[in-house]
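Participant: Respectively, the protein sequence lines represent chains S and Y.
Residues in the first sequence are numbered consecutively from 1, following full-length UniProt numbering.
Residues in the second sequence are numbered consecutively from 1, following full-length UniProt numbering.
Each hint should be verified, as a subset may be incorrect.
[Said to hold, decoys possible] EDC-like cross-link-like pairs, simulated, lysine to aspartate or glutamate; straight-line CA separation at most 16 Å:
1) Y:Lys75 <-> Y:Asp230
2) Y:Lys21 <-> S:Glu95
3) Y:Lys135 <-> S:Asp263
4) S:Lys144 <-> Y:Asp51
Simulated from the structure, these hints should not be mistaken for laboratory data.
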Amino acid sequence: MKRVTSTWLPGLLLISPSLIAVGIFVYGMIGWNIKVSLSNWHTVVEDNSYAGFGTYRDLMDDERFTAAWENLLTFTVVFIVGTMVMGLIMALLLEKGVRAEGFFRSVYLFPMAISFIASGIVWRWLMNPAPGERASGLNVLFSKVGLDSLQNPWWQDQKWGMAAMAMPAIWQMSGYVMALFLAGFRGIPDELREAARMDGATEGQIYRHVIFPQLRPVALSALIIVGHISLKVFDLIVAVAGQQIIADVPAVYMWQSVFEAQDYAKGAAIATCLLLFVAVLVVPYLVYTFRQEKR
Amino acid sequence: MATPAVTGAARARLITARTVKYLLLLSFVLVVAMPVYVLLVTSFKPLDEIDPTRAWDLPSTWTTDAWSTAYDQLKTGLGNSLMLAVPGSIISAVLGSLNGYVLAKWRFPGADLVFTICLFGMFIPYQAVMIPVVKVLTEVDLYGNIWGLMMVHVIYGIPISTLIFRNYYASIPNELIESARVDGAGMLRTYAWIVLPNSAPAFVVVIIWQFTSMWNDFLFAVFLVPSAQDSTVTVALNNLTGANVVPFNQQMAGALLASLPTLVVYILLGRFFMRGLMAGALKS
Chain S
1 MKRVTSTWLP GLLLISPSLI AVGIFVYGMI GWNIKVSLSN WHTVVEDNSY AGFGTYRDLM
61 DDERFTAAWE NLLTFTVVFI VGTMVMGLIM ALLLEKGVRA EGFFRSVYLF PMAISFIASG
121 IVWRWLMNPA PGERASGLNV LFSKVGLDSL QNPWWQDQKW GMAAMAMPAI WQMSGYVMAL
181 FLAGFRGIPD ELREAARMDG ATEGQIYRHV IFPQLRPVAL SALIIVGHIS LKVFDLIVAV
241 AGQQIIADVP AVYMWQSVFE AQDYAKGAAI ATCLLLFVAV LVVPYLVYTF RQEKR
Chain Y
1 MATPAVTGAA RARLITARTV KYLLLLSFVL VVAMPVYVLL VTSFKPLDEI DPTRAWDLPS
61 TWTTDAWSTA YDQLKTGLGN SLMLAVPGSI ISAVLGSLNG YVLAKWRFPG ADLVFTICLF
121 GMFIPYQAVM IPVVKVLTEV DLYGNIWGLM MVHVIYGIPI STLIFRNYYA SIPNELIESA
181 RVDGAGMLRT YAWIVLPNSA PAFVVVIIWQ FTSMWNDFLF AVFLVPSAQD STVTVALNNL
241 TGANVVPFNQ QMAGALLASL PTLVVYILLG RFFMRGLMAG ALKS
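Please build the complete structure, drawing on both the sequences and the hints.
Facilitator: What follows is the structure, given as structure tokens:
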């Protein structure tokens with residue numbers, strides 16, 4: 001028995017500092033944050049006395065909070081659909097091998113290497129809402145090519161602003177989805193296609209009945225990865241919209257609650273809500289991956 | 001490639017299909033490159049040429065004035081980011097390598113479950129830990145400086161770094177580890193003799209990945225080191241451009257300047273960057 005223990009104990013010792021750090025900084029801090037959200041800490045002066053769920057109840061009645069979630073919902077839907085469609089089209093174009101595939105792949109993926117803060121600067125300029133004489137960015141381009149009707153206030157539109165806000169995010173993340181799908185395509189054995197072809201299936205049928213069903217797990221991962229990035233969107237909004245309320249999302253609201261209003265309990269409560277949504281998305285995915293690996 | 005059996009009409013269709021495909025591919029390139037064009041063109045314009053009506057034109061006089069002004073304003077931030085991301089990514093890789101080795105080759109009971117529980121840490125919205133982290137850093141006098149920020153990045157980078165190494169080490173044959181064990185090598189000696197010399201690609205992947213995330217991060221930096229003077233280049237850049245009084249040629253030059261290191265890394269080592277991406281989606 002001693003021999004068996006001595007084979008794995010050193011390993012556990014070696015990894016334990018990391019495990020303890022993650023345990024404290026992920027799970028411990030989440031717990032602490034929840035405790036802050038249930039406290040009376042609403043000013044600069046720390047107050048850890050228990051207040052119950054009052055802060056959460058107040059948030060439910062807070063119009064800014066609900067508006068931030070509505071904004072996030074619009075953003076998320078457009079962002080997910082946009083990246084999934086763009087990424088899939090790029091992967092479809094590339095999957096059978098084209099000349100200079102490496103070049104196209106690198107170009108499509110390169111925005112991933114840039115920070116949202118840097119790309120936000122150019123997108124803020126491109127999506128400048130000023131109309132007519134003072135127009136700039138894309139609106140100028142539209143009028144130059146005679147498409148004046150396409151001119152619009154972009155992210156400052158009351159209703160569809162957040163859809164415009166998703167454009168830079170789609171620009172940035174489509175390459176990621178392409179890379180995931182491309183890996184998925186390449187993982188499908190050629191024999192499957194060959195067999196379908198032998199049976200007389202057309203190319204369209206092969207995609208519909210053979211290839212796409214095989215891509216389901218990849219599509220699921222892409223969906224979850226893009227979805228959780230979308231829920232957490234922060235830098236992009238700050239870079240494009242600054243702190244204008246029209247483009248408010250929960251992550252930005254949390255930041256302002258802590259930094260400007262010094263309302264720590266409120267900031268913690270918003271963050272906890274955000275965590276809840278991300279967990280609902282990611283935990284099943286982790287469990288699924290874990291089970292897959294066991295097999 | 002055309003075989004004699006292919007008729008003229010079918011060939012014509014094939015050529016049309018291929019042309020359409022390349023046209024689509026190129027139009028995507030245009031869309032992706034459009035913001036870069038604007039960045040480059042505007043950053044090389046003199047102040048009197050940046051008015052919106054001429055924004056899409058090439059500069060009539062090329063100048064690096066905007067670049068040098070932007071550099072002056074961002075050089076502290078660039079230096080801070082470098083001081084954060086270079087040592088930070090190396091520490092991440094060392095930790096990830098040791099952890100990944102244990103989880104792949106020196107496993108303890110329940111290792112997979114413990115690891116999965118750790119992985120959750122790389123998906124969480126960091127807002128949900130931020131207030132306590134600020135408190136802890138203040139307590140140990142690391143709030144508001146690069147070292148505290150580095151510590152936080154390293155800790156929250158443990159899951160992804162470990163994941164990349166664990167998946168990489170899974171491909172090292174167990175016989176190799178066993179034979180070292182039979183020769184009397186312990187855990188650390190096996191690591192030093194057999195595992196470490198084979199780890200170069202995984203080190204490159206993790207260092208690139210962590211370097212890019214630390215360099216591009218804004219959330220941790222703005223919470224933990226809010227003062228633009230002491231903070232990373234992303235905070236400095238946002239501070240510079242957020243007020244909207246800085247002319248656009250300087251803003252664009254600043255954005256390019258702040259992106260240069262990660263872009264160079266991507267151009268030189270893109271294929272390793274891609275592997276990091278795949279690992280981030282839990283796909284090997």
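Participant: Can you confirm whether the C-alpha distance between Lys75 (chain Y) and Asp230 (chain Y) stays at or below 16 Å?
Facilitator: Satisfied, since the Cα-Cα distance of roughly 11 Å is no more than 16 Å.
Participant: Take a quick look at whether Lys135 (chain Y) and Asp263 (chain S) sit within 16 Å of each other, Cα to Cα.
Facilitator: Answer holds: Lys135 (chain Y) to Asp263 (chain S) is near 15 Å, not above 16 Å.
Participant: Can the restraint linking Lys144 (chain S) and Asp51 (chain Y) be considered satisfied, given a maximum Cα separation of 16 Å?
Facilitator: The hint holds at about 15 Å.
Participant: Keeping to a limit of 16 Å between CA atoms, is the pair of Lys21 (chain Y) and Glu95 (chain S) held or broken?
Facilitator: Holds, because 12 Å separates the two Cα atoms, which is no more than 16 Å.
Every hint, counting from the list given before, is met by this structure.
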